[in-house]
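Asker: Heads up: the sequence shown is residues 1 to 344, going by my numbering.
Keep in mind that the hints are not guaranteed to be accurate.
Stated by the list, open to error - Dumping the calculated SDA-like pairs for lysine to any residue here, alpha-carbon to alpha-carbon at most 20 Å:
no.	residue 1	residue 2
1	Lys90	Asp238
2	Lys195	Ala225
3	Lys145	Glu257
4	Lys195	Leu215
5	Lys200	Phe342
6	Lys155	Leu341
7	Lys155	Leu232
8	Lys145	Lys270
9	Lys145	Asn206
10	Lys270	Leu232
11	Lys195	Asn268
12	Lys200	Glu185
13	Lys319	Asp336
14	Lys270	Leu254
15	Lys158	Glu109
16	Lys144	Thr85
17	Lys155	Lys309
18	Lys71	Ala225
19	Lys319	Ser122
20	Lys144	Leu205
21	Lys145	Lys319
22	Lys308	Lys145
23	Lys195	Thr229
24	Lys145	Leu344
25	Lys145	Leu99
26	Lys319	Glu89
27	Lys158	Thr85
28	Lys270	Leu215
29	Lys71	Glu295
30	Lys200	Leu99
31	Lys195	Lys309
32	Lys145	Glu89
33	Lys200	Asn262
34	Lys158	Leu99
35	Lys195	Leu232
36	Lys145	Glu222
37	Lys270	Lys195
38	Lys313	Glu117
Rather than coming from a laboratory, the hints here were simulated on the basis of the structure.
Source: prediction; values computed, not measured.
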Amino acid sequence: MKKWMIALPLFIFYLGCSQKEAATGSYILPETVLKNFQSLDYCQVQGQRLQKAIYGKDGRMNPCQFTDGGKMLGLSSNVAMLVNTSQVEKVGAFENQTLYKINSQTYGEFFESQMKEPLCDSVTFKNEPAPAFCSAFLINTNGKKSILTAGHCIKGRKLEDIKIVFSVHKEGMSFIPEDSKLEKEMVVSESQIFKVTNIKTDTSLNNLDIALLELDREVEAEGFAVNETGDLIREGQDMILIGHPVGLEIKLDLGGEIKSVNKESPTNRKHYFEASVDAFSGNSGSPLLDLQTQEVVGILISGNGDFKKDWFKGCYEEKKYSEYYSSEYERALRIDSALELFSL
């Protein structure tokens, strides 16, 4: 995402601002209404809802679209979104669990509020809520669990202003309010929301774009296995990307592959590789997994521009790149470099 390096920090900043404003402008419901929730299977809920730079065809999918016995949904439970604390609003309870609404605009609403021009009707997921400003994920190294994200995601932010939200419940549940005004909102339980208590970054001359987040309690999800030696980071290797593109709820792309490896570079480029995955700004901090082993091999950092204007229609489309002839792909930090940096 080199073309993002100037534009994206502004995008992330605006996302935070817009969602803060959304929180203050939300409607107020009577407490008796707020208590009326039902618990449904996560995929059942996704089926009730409206339905980055793209390489080849758009490969982004909801984890519930896979007929794999819930395997991709299980992997997705290890991925979290970063949201502003101001977006998190208590709305009720269910079976002794406090429930919170994550205030947000839809993808289309947010884009138009910032660009002053709309997304085209053909844009996928434009009517879905888009609360996240970045992604993060849980790894498990020899029984030790750790949360990683991209360093630029938390740069300049106060600990108390960040919440980590695992949108896929560990037991595969979603919470649906019976009030129709809230039925398309993202509602999560208190067990899915975490406070950030400490942040570690790279203070060496390498200045790697990576952050280790310490939370207020342990995450119950299992965590991803990691490719500790980095031997799976090689050109042509098929990838899975899991994260929150443009702030959307969890999406997966199984159509990418590693395009370039810089292991022999004398500079800090040796810590990065490039891949052709369908990623957007909110994907920063997402894990890249080897398709066969499902071990984490990298952390998405940056990439190509996301949008282009259709001057005839007067709207913006998601930009598509050739899977084979793009001069630059999405940039990822090697997981073995992150493990070495933080002694994980």
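Asker: Does each hint fit the structure? Answer for all of them.
Answerer: Going through the hints against the structure:
no. : hint            : verdict
1   : Lys90 / Asp238  : violated, 41 Å
2   : Lys195 / Ala225 : violated, 24 Å
3   : Lys145 / Glu257 : violated, 27 Å
4   : Lys195 / Leu215 : holds, 6 Å
5   : Lys200 / Phe342 : holds, 8 Å
6   : Lys155 / Leu341 : holds, 18 Å
7   : Lys155 / Leu232 : violated, 30 Å
8   : Lys145 / Lys270 : violated, 26 Å
9   : Lys145 / Asn206 : violated, 25 Å
10  : Lys270 / Leu232 : holds, 15 Å
11  : Lys195 / Asn268 : violated, 32 Å
12  : Lys200 / Glu185 : violated, 33 Å
13  : Lys319 / Asp336 : violated, 31 Å
14  : Lys270 / Leu254 : violated, 25 Å
15  : Lys158 / Glu109 : violated, 27 Å
16  : Lys144 / Thr85  : violated, 27 Å
17  : Lys155 / Lys309 : violated, 30 Å
18  : Lys71 / Ala225  : holds, 14 Å
19  : Lys319 / Ser122 : holds, 12 Å
20  : Lys144 / Leu205 : violated, 27 Å
21  : Lys145 / Lys319 : violated, 36 Å
22  : Lys308 / Lys145 : violated, 40 Å
23  : Lys195 / Thr229 : violated, 31 Å
24  : Lys145 / Leu344 : holds, 9 Å
25  : Lys145 / Leu99  : violated, 25 Å
26  : Lys319 / Glu89  : violated, 34 Å
27  : Lys158 / Thr85  : holds, 10 Å
28  : Lys270 / Leu215 : violated, 30 Å
29  : Lys71 / Glu295  : holds, 14 Å
30  : Lys200 / Leu99  : violated, 30 Å
31  : Lys195 / Lys309 : violated, 38 Å
32  : Lys145 / Glu89  : violated, 28 Å
33  : Lys200 / Asn262 : violated, 25 Å
34  : Lys158 / Leu99  : violated, 24 Å
35  : Lys195 / Leu232 : violated, 33 Å
36  : Lys145 / Glu222 : holds, 8 Å
37  : Lys270 / Lys195 : violated, 33 Å
38  : Lys313 / Glu117 : holds, 11 Å
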